[in-house]
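S.K.: Below, each chain spelled out in residue letters.
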Amino acid sequence: MKNIDRREFLKRSGALLAASTLPVSMVELAFGKNNEQNFSFAFISDSHITHIKGNRFVRNWDHGLSRAVAEANLLDPKPDFVFYGGDIAQLGKPEEIDHGLEILSALKQKTHYVMGEHDYYVDLGDYWRKQLGPDYYSFDHKGVHFVVLNSILTWEDWMHGKWDSGMDRMRQMARLDNPKGQPFMVGDAQRKWLADDLARVSKDTPVVVLSHSPLQKIYKGWNFWTEDAEQVQALLKPFKKVTVLYGHVHQIQYNQIGNISFHAAMATAWPWPYPSSYSQKETFLPKLTVEMNRADPFFERDATGWQFVNMATGNIDVHYQLPNNSKRVVAFNEKAGRPEDARYQAGKDRIPPQGHY
Amino acid sequence: MKQALALAGALLAASIAQAAPLGLPEVPVPADNPQSEAKVSLGDKLFHDTRFSSTGEVSCSTCHDRAKGFTDHLPVSEGINQLTGTRNAPTVINAAYMQTQFWDGREPDLEGQSKQPPLNPIEMGLPDYEPILKVVRTDPDYAAQFKAVFGKQGDDITIDHVAKAIAAFERTIIAGNSAFDRYQYGGEKDALNEQELRGRNIFLTKGRCVSCHVIEQTQALFTDNRFHNIGVGFKKIRGKEGETAAEFLKGKRAGANVDVTVLTAENMSELGRFAATENMSAVGAFKTPTLRNVAATAPYMHDGSLKTLMDVIEFYDLGGRELKTDPFSPFLSGGIRPLDLTEEEENDLLAFLLALTSPEYLHLVKETVPEGDHHEKH
Chain A
0 MKNIDRREFL
10 KRSGALLAAS
20 TLPVSMVELA
30 FGKNNEQNFS
40 FAFISDSHIT
50 HIKGNRFVRN
60 WDHGLSRAVA
70 EANLLDPKPD
80 FVFYGGDIAQ
90 LGKPEEIDHG
100 LEILSALKQK
110 THYVMGEHDY
120 YVDLGDYWRK
130 QLGPDYYSFD
140 HKGVHFVVLN
150 SILTWEDWMH
160 GKWDSGMDRM
170 RQMARLDNPK
180 GQPFMVGDAQ
190 RKWLADDLAR
200 VSKDTPVVVL
210 SHSPLQKIYK
220 GWNFWTEDAE
230 QVQALLKPFK
240 KVTVLYGHVH
250 QIQYNQIGNI
260 SFHAAMATAW
270 PWPYPSSYSQ
280 KETFLPKLTV
290 EMNRADPFFE
300 RDATGWQFVN
310 MATGNIDVHY
320 QLPNNSKRVV
330 AFNEKAGRPE
340 DARYQAGKDR
350 IPPQGHY
Chain B
0 MKQALALAGA
10 LLAASIAQAA
20 PLGLPEVPVP
30 ADNPQSEAKV
40 SLGDKLFHDT
50 RFSSTGEVSC
60 STCHDRAKGF
70 TDHLPVSEGI
80 NQLTGTRNAP
90 TVINAAYMQT
100 QFWDGREPDL
110 EGQSKQPPLN
120 PIEMGLPDYE
130 PILKVVRTDP
140 DYAAQFKAVF
150 GKQGDDITID
160 HVAKAIAAFE
170 RTIIAGNSAF
180 DRYQYGGEKD
190 ALNEQELRGR
200 NIFLTKGRCV
210 SCHVIEQTQA
220 LFTDNRFHNI
230 GVGFKKIRGK
240 EGETAAEFLK
250 GKRAGANVDV
260 TVLTAENMSE
270 LGRFAATENM
280 SAVGAFKTPT
290 LRNVAATAPY
300 MHDGSLKTLM
310 DVIEFYDLGG
320 RELKTDPFSP
330 FLSGGIRPLD
340 LTEEEENDLL
350 AFLLALTSPE
360 YLHLVKETVP
370 EGDHHEKH
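The listed protein sequences derive, respectively, from chains A and B. Residue 112 in numbering that gives the first Met the number 0 sits at position 113 of the first sequence; the count goes up by one each step and never skips. Residue 109 in numbering that gives the first Met the number 0 sits at position 110 of the second sequence; the count goes up by one each step and never skips.
Keep in mind that the hints are not guaranteed to be accurate.
[Claimed, not checked] Simulated pairs of lysine-lysine, PhoX-like, Cα-Cα distance not exceeding 25 Å: (1) K107(A) <-> K306(B); (2) K306(B) <-> K323(B); (3) K77(A) <-> K234(B); (4) K323(B) <-> K52(A).
Honestly, the hints are just simulated from the structure, not real lab data. For clarity, every value in this text was computed on a predicted model and none was experimentally measured.
Please construct the entire structure, taking both the sequences and the accompanying hints into account.
M.R.: Given below as structure tokens:
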């Protein structure tokens with residue numbers, strides 16, 4: 000074998016070896032020059048486990064969650080941890096939270112939890128916190144600062160007002176287009192905590208914030224909305240690379256506001272339509288978002304799913320795992336300075352969403 | 000001149016195309032492989048030629064035997080030297096309508112499908128296509144036929160010509176005109192008896208069968224051409240899905256042949272559609288087979304694990320489980336859930352499935368509807 004052939008051969012077999020360790024459905028981007036800093040995490044959200052009676056739960060939602068868990072366990076290499084984006088339960092009942100946590104217990108990695116309004120309003124989060132700990136916190140992982148906020152609070156007067164029962168309050172908050180509904184907010188106390196927390200972080204550290212509701216204003220009638228979003232954004236503004244991940248909307252959304260990239264999670268339970276296609280009222284759906292087509296009503300898992308997130312270059316790319324459907328990848332485009340759908344961004348490549356119902 | 004030839008070709012193709020039987024659409028024919036009588040008869044001969052296996056004993060028809068409804072009536076097929084694989088031979092009947100071939104859809108068409116078994120070590124066991132090409136290039140009958148059909152001879156005959164001829168033959172193996180078709184599309188309101196009609200109703204409603212085994216206004220393919228995890232074979236890789244998938248991908252990246260892997264490695268076979276797409280949500284998902292002539296093609300499911308149609312009905316009744324005590328697969332497709340069918344409803348459904356048999360395969364039907372209390376639910 001000539002020298003040049005041998006070199007070529009070694010190069011090729013090296014490539015083969017590298018290829019053989021590629022993760023399931025995942026292409027990892029290089030994290031600058033420091034490859035060891037690359038990591039991924041799974042992001043599962045909005046399971047809405049619903050208790051019927053006794054030992055009976057809505058089977059479809061159970062299955063959505065257990066399927067996402069089983070699929071997340073297939074990731075190879077393993078994600079460093081899992082985020083759960085909120086709304087384990089449908090009506091915040093201890094039975095629902097416990098049943099959901101039991102399904103989630105099959106995950107092989109540590110899971111960090113976000114509070115959703117369906118977990119919260121029956122007892123203002125008491126049972127959730129008893130099982131899972133604080134509902135806002137931060138931690139550092141491989142050079143990235145992670146912050147979890149409880150963004151689904153609302154006016155103190157309303158929360159602590161006169162209610163027949165906690166369930167009565169829960170049911171009010173669980174309704175869309177409810178004239179008695181209230182806007183979500185992070186609130187003064189948590190924003191104060193956030194300011195203190197971020198004060199200890201250097202401005203070139205990538206920051207990832209998890210909240211249940213979008214920390215941007217999209218559609219108030221469905222609480223695709225956080226009332227004090229601008230104030231939270233202002234606290235994040237000094238940082239070079241900021242990403243906000245949220246649940247609640249049960250659909251693919253992404254956006255860039257200044258230095259902040261936004262990504263939404265699919266639900267494991269059911270999809271919501273895009274507010275723009277459904278309502279005559281004003282929406283502020285991010286222009287960058289390429290909408291999914293309407294869910295196929297004959298296919299129970301259609302337009303549900305979960306995602307894994309690559310932490311590379313300090314920004315993220317979100318890989319949507321959609322049962323019986325093509326995968327979607329929304330990745331940060333360095334050149335454009337914003338997240339983009341890897342496949343459908345160009346207008347001519349898009350599948351036009353179905354506008355009528 | 001060229002145009003005139005093309006027109007003549009089209010007319011010829013149209014004249015030999017069979018009228019679609021009741022309940023089925025016209026057979027889709029790819030533009031680059033038009034049907035002709037000579038091609039079909041060449042394909043027929045190739046389909047039955049045992050010289051295309053290393054032992055000289057196995058042909059396509061070994062596992063796709065006309066006398067057995069173009070299957071082999073075995074749980075999993077037997078190739079050369081009685082070697083067995085991991086999957087049940089799907090029938091060739093109406094395979095022409097399928098949008099993908101193989102249980103995991105890893106080939107898009109019949110042409111691609113027929114090229115894999117000759118090289119699979121447990122099917123026909125050839126090292127490469129040379130032995131086949133040697134036969135078709137030198138055997139005087141074949142030489143004449145290939146010359147007539149493709150205008151090719153000697154080294155110009157390739158495996159693609161062989162595959163095209165076999166596919167053309169398979170596109171003639173279609174069958175509709177069942178009692179169901181005569182009722183549904185032929186206006187014969189008495190073609191189905193009362194029990195079969197009750198079964199049809201279960202099929203369309205409580206049984207949820209029609210969600211995947213599609214019936215349309217003017218035709219019924221009884222498949223959605225999609226892939227679903229219905230729980231079959233789940234127990235084999237239960238709890239080992241992650242390692243099995245990782246092991247499969249490692250092999251595939253290193254150059255392992257997917258066709259060989261899924262037919263020889265029992266665990267990896269259970270990955271189903273994942274082997275073709277590497278999509279995690281496709282783990283354990285297999286193609287929806289047609290139900291036409293299903294009563295002539297026992298045993299059932301991708302691994303042949305269920306002996307009778309009643310076993311299949313009970314499997315679905317338990318939401319994708321053989322026994323009530325079995326766990327559910329977390330990868331189960333959304334529509335699969337316990338059905339809570341009564342014994343009578345199960346019998347009715349079976350009666351309906353038997354009524355999907357075309358006249359030419361009725362003699363192969365062995366299963367009968369249990370009477371009264373002879374059938375006991377598991």
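S.K.: Hint compliance check: list the failing hint numbers for this structure, sorted ascending.
M.R.: 1
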